[in-house]
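With the hints as extra help, turn the sequences into a complete structure.
Protein chains: 2
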Amino acid sequence: MSLRLVFLGTGGSWPSKEAGVSALALRAPKQTLLFDCGEGTQRQLMFSSVSFMSITHIFITHFHGDHFLGLPGLIQSMSLNDRKKELVIVGPEGIEDLTKTLLGLGYFTLTFPIKVITAVPGEGVTAGEGEDGGLTITPFNVEHCVPGIGYAVEEPMRPGKFDKARALELGVPEGRLFSKLQKGEEVEVEGKKITPGMVMGPPRPGRKVIITGDTKYLDPPPEIWRNCDALVHEATFTKELEERAGEYGHSTAEQAAKSAKKVGAGILFLVHRSPRYKDPAILEEEAKAVFPNSYFPKDLEETDIPLRD
Amino acid sequence: MSLRLVFLGTGGSWPSKEAGVSALALRAPKQTLLFDCGEGTQRQLMFSSVSFMSITHIFITHFHGDHFLGLPGLIQSMSLNDRKKELVIVGPEGIEDLTKTLLGLGYFTLTFPIKVITAVPGEGVTAGEGEDGGLTITPFNVEHCVPGIGYAVEEPMRPGKFDKARALELGVPEGRLFSKLQKGEEVEVEGKKITPGMVMGPPRPGRKVIITGDTKYLDPPPEIWRNCDALVHEATFTKELEERAGEYGHSTAEQAAKSAKKVGAGILFLVHRSPRYKDPAILEEEAKAVFPNSYFPKDLEETDIPLRD
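Those sequence lines, one after another, are chains A and B. Start counting at 1 in the first sequence, then tack on 11, and there's your number in the numbering used here. Start counting at 1 in the second sequence, then tack on 11, and there's your number in the numbering used here.
These are computed hints drawn from the structure, not numbers from a lab. Wrong hints could be hidden among the right ones.
Treat identical chains as interchangeable: a pair holds within one or across any two.
Claimed, not checked - Dumping the calculated DSSO-like pairs for lysine-lysine here, alpha-carbon to alpha-carbon at most 30 Å:
id : residue 1 : residue 2
1  : 111       : 126
2  : 41        : 28
3  : 289       : 96
4  : 289       : 95
5  : 289       : 309
6  : 28        : 95
7  : 28        : 96
8  : 172       : 204
9  : 95        : 309
10 : 227       : 175
Here it is, written out as structure tokens:
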């Protein structure tokens with residue numbers, strides 16, 4: 012299944028010409044998760060491959076305006092477009108009151124149910140089940156100047172690798188029976204039972220994506236970050252401003268890269284640059300020096316997260 | 012003095028790729044007035060000639076999200092940029108509670124005083140005095156599906172025309188004494204008193220700009236619209252949808268043009284098109300057929316309102 016990251020807003024604090032404020036979509040085949048929803052997110056969605064109506068879950072990391080002020084407009088536009096499908100909103104302690112307040116702003120009629128979940132670090136929230144995807148999103152604590160959490164998104168375990176040579180050796184003909192075995196079904200070849208276990212390797216973990224939200228450098232990094240396929244880490248400042256970063260509960264690009272290296276991340280995406288950096292290249296370069304597979308995407312860049320073997 | 016209209020968001024209901032939601036800035040030399048502040052307005056300002064920090068007054072027409080949901084983000088960004096100067100917010104009954112709610116969203120520290128004024132139709136609000144401009148903004152009632160008001164912006168009276176020939180005839184030499192007379196001061200030429208009244212025509216009215224906000228066709232138009240220099244009128248639909256327009260408290264482009272003609276407007280600017288119209292040309296053409304000096308500006312167009320003789 013495909014997992015696509017859509018960087019809707021890669022700026023922090025306030026929007027600039029170059030970058031909108033925080034929002035990141037994660038598109039799975041049957042679920043679209045939105046992480047943070049700064050002002051302007053609904054319009055950024057219109058310029059992306061994601062339909063704003065397709066969003067199933069919204070996860071808020073903390074209650075600074077640049078991370079949630081796009082919520083009421085998005086919800087009102089969904090209503091004006093007659094959405095019926097439930098929307099799940101997850102956020103730190105206080106998300107129920109905040110959502111209630113946001114739903115009371117001005118005149119509008121909500122056309123769909125909203126389920127609000129207060130995130131509990133370590134307790135996974137499920138998005139979809141079985142054939143609908145079954146992503147698990149687990150909140151973890153971060154350290155910011157206000158209460159904040161990050162989210163780990165994990166796919167379910169994938170079946171092991173299919174050993175084609177072994178299957179042919181056992182007399183299974185290529186075609187329909189191969190696919191039955193790959194789906195976990197037993198087959199019979201010339202009166203002989205062949206079980207999936209005879210031709211499939213051990214189950215492999217699904218992909219894992221970590222979204223930190225705003226946080227100062229976490230050392231050691233949270234255990235759940237280990238071996239993630241993609242680490243989306245805030246990088247508000249360059250290392251020249253490391254002291255300032257610590258003071259305001261933010262990270263430098265170099266610190267983000269150090270964390271990526273420590274946890275063995277597949278790829279590091281930097282986001283949330285201060286409006287002082289018109290071009291993210293300086294932050295990207297700083298991170299690459301520590302962790303070569305580092306990128307600071309521009310707004311509206313999209314990328315598929317590859318499956319590891 | 013220059014009066015410039017900056018069309019920040021010319022779309023209605025929800026933003027599209029082509030148009031942001033409602034916001035219009037009016038730039039005078041010492042005051043910057045913002046009419047409505049839909050989501051995304053602070054970023055639109057960054058693409059315009061108007062500094063978001065320079066805004067002195069915000070006028071809200073009604074409490075549909077596409078007209079005010081940009082307020083909290085704008086206020087928070089002003090605070091993050093350490094604004095100290097007072098901001099005046101004017102809006103219909105309920106604006107005090109709404110502002111209070113918006114100021115309570117999430118964590119942030121307000122760095123400047125906000126004065127909230129509940130608009131009373133017919134009672135002008137003054138923006139600046141004397142050399143600071145002295146614009147008067149008078150709310151008027153409109154008819155929308157929720158309580159709404161429009162605003163008439165009026166410049167103070169301008170001095171009359173200077174009669175150069177007459178001044179020379181009276182023996183006033185060109186130069187410093189001309190400018191004294193134009194400023195309303197008495198001068199003496201060869202022992203003879205010359206008063207401004209002897210060389211200046213009668214005072215002329217300043218410019219008047221009408222901003223309707225969302226409204227159905229008002230027939231007859233409000234008296235205060237008469238002889239306005241610019242009428243900024245909503246035009247959500249084309250005339251094919253006139254019935255729908257009436258039902259939802261909106262106007263067609265043709266209706267806006269009829270009003271412009273009736274009141275003798277200098278120029279008609281159409282705004283607030285439904286997201287169904289990707290290109291505003293169809294609405295502009297419809298209006299031009301009734302009132303030739305009609306325009307549907309694109310987002311971020313700016314125009315100076317000329318002085319009439």
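Quick rundown of the hints versus the structure:
no., hint, in the structure
1, 111 to 126, "both (11 Å within a copy, 26 Å between copies)"
2, 41 to 28, "between (33 Å within a copy, 25 Å between copies)"
3, 289 to 96, "between (39 Å within a copy, 27 Å between copies)"
4, 289 to 95, "between (40 Å within a copy, 26 Å between copies)"
5, 289 to 309, "both (11 Å within a copy, 26 Å between copies)"
6, 28 to 95, "between (35 Å within a copy, 24 Å between copies)"
7, 28 to 96, "between (34 Å within a copy, 24 Å between copies)"
8, 172 to 204, "within (20 Å within a copy, 105 Å between copies)"
9, 95 to 309, "neither (33 Å within a copy, 33 Å between copies)"
10, 227 to 175, "neither (48 Å within a copy, 70 Å between copies)"
The structure does not agree with the numbered hints 9, 10 stated previously, though it agrees with the rest.
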